[in-house]
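Engineer: Okay, here's what each chain looks like letter by letter:
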Amino acid sequence: TETKTETNGKNSKTEVKENKAEIKENKTDDQKTIGFVGMTLNNEYHITLANGAKVEAQANGLKIEIQAGDQHASADAQLGIIENMIANKVDGILLVPSSSDGLESALTKCKEAGIPIINLDTKLTDSSLKNVGMDIPFYGTNNFEGARLAGEYVSKNFNKGTKTAILKGIEGQTNAAERYNGFIKGAGDAIEVIAEQTANWEVDQGYTAAQNIISANPEVELFFCCNDNMGIGALRAIKEASLQDKIKIIGFDAVSEALNLVENGEFLATVAQYPAEMGKLGVQNMIKVFQGEKAENYIDTGTKVITKDDVKEFKEYLKTFE
Amino acid sequence: MEIVKKKIDGKLSTLTIYLGLGVIFLVFALTCKILGKNFLTLNNLFNIITQASIISILAIGASLVIVTGGIDLSVGSIVGFIGIFGGLLIKAELPLFLAGILCILAGALFGFANGMLVSYGKVPPFIVTLGAMQVARGLALLINRGQPISGFPKSLGMVMSFKVFGLIPVSVLYVFVFYAIIVVIMGYTKFGRHIYSVGGNINAARLSGVNVKKIIVMVYVLSGIFAAIGGIMLLARLTYADPNAGAGYEMNAIASAVIGGISLSGGKGKIGNTLVGAIILSTLTCGLQIMNVPTYYQTIVTGIVIVSAVFADKKKERQSE
Amino acid sequence: MEIVKKKIDGKLSTLTIYLGLGVIFLVFALTCKILGKNFLTLNNLFNIITQASIISILAIGASLVIVTGGIDLSVGSIVGFIGIFGGLLIKAELPLFLAGILCILAGALFGFANGMLVSYGKVPPFIVTLGAMQVARGLALLINRGQPISGFPKSLGMVMSFKVFGLIPVSVLYVFVFYAIIVVIMGYTKFGRHIYSVGGNINAARLSGVNVKKIIVMVYVLSGIFAAIGGIMLLARLTYADPNAGAGYEMNAIASAVIGGISLSGGKGKIGNTLVGAIILSTLTCGLQIMNVPTYYQTIVTGIVIVSAVFADKKKERQSE
Amino acid sequence: MSDCILRMSNINKSFFGVPVLKEARLEVLPGEVHVLLGENGAGKSTLIKILSGAYTREGGLIEINGQAIPAISPKEALNIGISVIYQEFNLIPDLPVYENIFVGKEFGKGIFVDHKQAMEKAEVFMKKVGLNVSPKTLVKDLSVAQKQLVEIAKAISNHVKILVLDEPTAAITEKESDMLFEIIKELQKEKIGIIYISHRMKELFEIGDRCTVMRDGEYVGTVNLSETSEDELTKMMVGRTVNFEKNINNLKDNDQVVLEVNQLQYRNYLKDISFQLHKGEILGFAGLVGAGRTEVAKCVVGALKKTGGSVKYKNTELSSSLPENIRKGIVYLSEDRKEEGLVLSHSVMDNIVLPNLSKLAKPFLRKKEMVCCANNYIQTLRIKTHSHLTEVQNLSGGNQQKVVIAKWLYSEADICIFDEPTRGIDVGAREEIYNIMKDLIEQGKSIIMISSDLVEILKMCDRVAVMREGMIETILENNADLTQEIILKYAMQGGE
Ligand SMILES: Nc1ncnc2c1ncn2[C@@H]1O[C@H](COP(=O)(O)OP(=O)(O)OP(=O)(O)O)[C@@H](O)[C@H]1O
Ligand SMILES: Nc1ncnc2c1ncn2[C@@H]1O[C@H](COP(=O)(O)OP(=O)(O)OP(=O)(O)O)[C@@H](O)[C@H]1O
Ligand SMILES: [Mg+2]
Ligand SMILES: [Mg+2]
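Chains as they are written, first to last, in my numbering: chain A, 1 to 322; chain B, 1 to 321; chain C, 1 to 321; chain D, 1 to 496.
Please keep in mind that the hints were generated in silico from the structure rather than gathered at the bench.
Note that CB positions come from ideal geometry on N, CA and C, so glycine has one too.
Hints may contain errors.
[Said to hold, decoys possible] Just a sample of chain D residues kept apart from chain C, beta carbon distances all over 12 Å, derived:
| id | residue |
| --- | --- |
| 1 | P70 |
| 2 | V133 |
| 3 | V223 |
| 4 | N224 |
| 5 | E340 |
[Unchecked claim] Examples of chain C residues lying across from chain D (beta carbon under 7 Å, computed):
| id | residue |
| --- | --- |
| 6 | A29 |
| 7 | T31 |
| 8 | Y174 |
| 9 | K190 |
| 10 | S197 |
| 11 | N201 |
| 12 | G209 |
| 13 | K213 |
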């Protein structure tokens, strides 16, 4: 299959050149345009991801068009954006898919239009890629893996049978399922899940759910929250019930507030991904594609469980992207 | 003379909405020209209609329900449910055609339940369909344990992406065919006129011998059927079934109807204009994205344009005071 | 005798909603008892009201608007906007009190724009407030570039979490105070009666000397103000400002009002019952979460219970046919 | 009588446990116009609605041509040939006239409707009833009287065996009434049974054959109209006689002009309207349907924005702000109680106090005072209602009208403009209202009374302005020589 896709890649490259000729007539300068299709731009994680790409593109003198679906993060909205970008003749697309196998139609359209794609953050499934007959580079990390690390951290640091509550993301979303499954896998028998509720990634719903879980199960010892937002909400509920000494919180995403909370001990840990890195790598490799070189096929940007011990270091690292 | 003038006025007022659409197109075309972007291409026109296609189909149901003086909040969830339901059927290797029929039946069933509760149960439509919205979403999640479905046969994708004469996307045709049918139904059949009479004055309609309960049930059934069709279209467009799909579509459908001039108090409005409303919404999204307006501004501009378009449309009502 | 019977009948029908709440409580209490969970504790009762507090405050505005025959879809976005707006003000070290006043002014301004467009502009409320919803959300994202705000002073949290006599959460008090005021306004002031008359028959109200436009504007302003208060409460409750906060709150607020018996066609309904509607919704969430019912079933059960509650409430209407 | 086309016997009906019909009866012969008479709230409309299937009866028998009819739906009733013009309009505002006439029985093949045929057929019926508008006009753009004509056209377009007319003439003038009577006489020839309800005593004798009187939901008796008199009927109805003499007003102060209207214009509906209203005067406005009387009234109070001319109240120009004018003491009672007069879903009390809340708010509304005043008007106007908390929509038509009157009496205004104030009000209560108007005059107030009932105009008014096609044709002194014929002549052909 590899050779096959490569010829495909070449084909698309020639097409890109044709496009370029056309664009030259329209545009005064020879600037290439990258289309960045985000999942959403309504939260910190995805804004950082987009910013990483934006900074890198500007540093290299490229145009970048950043668009994202709204709060529903739907495949349909992303398909629409991609259609419009194709109509608008962007030269390459950086895609943060809203679901790992929901964008086959969009990929097919890009393929037909000969627009190269790089996949960031959430990996498109192999079956998806196979279905559309494309080989798309991916830079990002694995949500399952990150959550598994968090689970392992729990299994190392907690007694067996720790009474655990899990706050889950939107039911049916790829990320939500991966984070949940990863954590269960990693934690093994260290945890006993006594309650699990969906709080739809939201702070206020995390708060409400935590409040109810605490009043039904006063014995709870640990909250694993599939994103930091819900963790921030849970923390409020725990503080209000004056159970901070008894109940620990682990979040996911390492948003700035979560890092502060880890630093002052209110969160036990959060799982860091490196969104800005993903954006940066995406642009760098897209440039390679533009220059006719082959893009890096797979880069794991890594995940890390951030605890009080390494939070300072991580914050330093983040500063480099500001 | 006066009567002639009044007639032209009347025509003009139903034309305002087309005018609005025209103005929006013009503004985008010019701005894009200046920015060196392609907006006014045939391909992009098809894009706009394709992107509006699902909402505009849902909006037919929304309009019918609104004309009877009701509201249907459940269609977005039904779209999501049908995706999973149809997806499972296709995965179970049912022929596409049969799966489609079963989906439509499922949609009709939801609509039937809504309609019965509204007409015989006397429960306000808002509550009935809010409940149905939650039930349908819950079922969408439940029947496949929250998992999305992918890996469908290519033929499914063709349901939406097939190009007639190698040019016109079939999705565009669906829209025009369905609207042609519904315009005829609303304007030229007894059923259509009865729908208007029920919404205009339910007592008068009843006392004039219109079977109002039957009409109400049928309208909700139709809304359910159109939601199912929308669900199938979305499934085919994405070749992917997501239990959360369609969230918020009901609002876009209702908005299309209201922008098109269907009055939420019932009994009034031309259903053809609903399509214009849906196209206005998708033109806005498309144009703003092509111009690469940042997302936050997009929301703001969309909000302002919608209000302005309807504001312009109401000029006559303001003057008549 | 007969008159007495009728009076009791009338009372009973307004009581159905309380009965519904009672039944829901009973079912949860019993089931939780069996499952060995705590449901019927004082603390949990306070929890339920606290969890309902923000929605119930928004629902006051929603009810007023609905009584005039309108609808306000913008309140959820205003909650989100006020969070960021207020958050920035507090970060700029404005005293809490002053920040609160400015937030309320901002909310009032949104409401004023809505009201003017509805009354003088003749734009349907659905469209106006849908537009405002998008504008407010866009602004919430724009003014802090999509970023949340955190690190607020402790005193902000106390606005919601302070316990009167060390027992009653102050948020519970807010709810009762605001409802007490609004019940008096709606029942015992000229303004309140005018609101009902505008919704009941706008022409008759106008010819009776009611300044209907002023009333409509004021009602939307109030809705904006209550949305701002809800936004401040949410900000204080979470001590965290998220530009996406409040999404969907408008639907919960409207649902509370309609479950409480406020008629979407306007002119009718007891505003006190809106609070019961809001508490029913939060009791459902709380009870189902305490019983740790999986989310899919939660949505389905919530949908069914809401419809059933209102269905029971409409028994008399069905009989009178 | 075994040959009657309709026999209703021992009909019972109650609302919320309150009996409204008690063993009511009615027998109609083919080809007769049977008048149904009774005070407001006697149960006439309810009896009719039971016949048409709009309400379900609680016992009793309905026979048509000797055949017992079970409980039926309105649609089934229509199929049997029972056609009803209800007292309250049952029209669909946003549909055109022609569709309203044929709603529920559309023309066309199969599922389709034939608009063209419907329009042509509609025009025939519209011409018959004297409705001169385009069949495409939306019903909401019609005046009350025109809506009434649509109702009549709609009813006669059915294939009827029994035609019921519940106060068809309450809102139309002599000319249209005459056309209606022509139609009725035509239908009589086809041996159709006609039930006719009206509070206009004079016309009963003109059109009716027999008359059944009801009181408090009970059957009182049936008489041949040729063998009885107005007084006798009134006595059967209200238990006393009512006098019908011309009111002589000595209180009018010709020197004091309270309202002066000069060259008033409203779009192309009104041209050069000028008149004066004196202190203590009742000025009548007569004219045919659509002459523009309602527009004059609305422009004066500010409910419509006049496009020219001036309106002076006690020598100061009136603003066009309705609330402000009401505060100054100029009020307008609308002819259209359903659309503009009442909040139907609100209680009797809430409707009466609505324009008067400023008086009651100090700053909080005093419920006791509200109840007290509502009950006061319920008594003096004899409004038939279960209590002051009953929703107005549950009252009989005439009683609804009394609520409208009560709300404006309570406002104690200086100038009252009453547009068809006695629409649908029974003879007895009419007298009460005339008395109240006299009281108002005695208190130095002035009244403009728009009425389509010339008997009432001649009885009450000091002067009569006759309008025709948006202009005041003439203003006549109401002296002994003035007759209905003179007024009608001006209204129809102008002065020449
Ligand atoms: N839907 C209803 N609910 C409750 N009470 C009703 C209802 N309809 C009528 N009534 C009561 O029934 C009585 C008879 O009303 P009906 O309308 O039959 O009187 P009517 O003889 O037609 O009077 P009018 O001359 O005023 O039209 C009235 O007292 C009225 O209050
Ligand atoms: N806003 C309007 N739009 C269209 N036509 C109007 C409007 N207002 C009034 N008219 C027309 O003007 C004419 C005058 O109506 P108006 O109701 O004043 O008559 P009227 O003398 O009060 O008669 P009646 O009350 O007996 O019907 C009518 O033919 C009516 O259709
Ligand atoms: Mg009657
Ligand atoms: Mg009139």
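Engineer: Against this structure, judge whether each hint is valid.
Structural biologist: Results for each hint:
no. : hint : result
1   : P70  : holds, 17 Å
2   : V133 : holds, 22 Å
3   : V223 : holds, 33 Å
4   : N224 : holds, 38 Å
5   : E340 : violated, 5 Å
6   : A29  : violated, 36 Å
7   : T31  : violated, 38 Å
8   : Y174 : violated, 23 Å
9   : K190 : holds, 4 Å
10  : S197 : holds, 5 Å
11  : N201 : holds, 4 Å
12  : G209 : holds, 4 Å
13  : K213 : violated, 10 Å
Hints 5, 6, 7, 8 and 13 from the earlier list are contradicted by this structure; the remaining hints agree with it.
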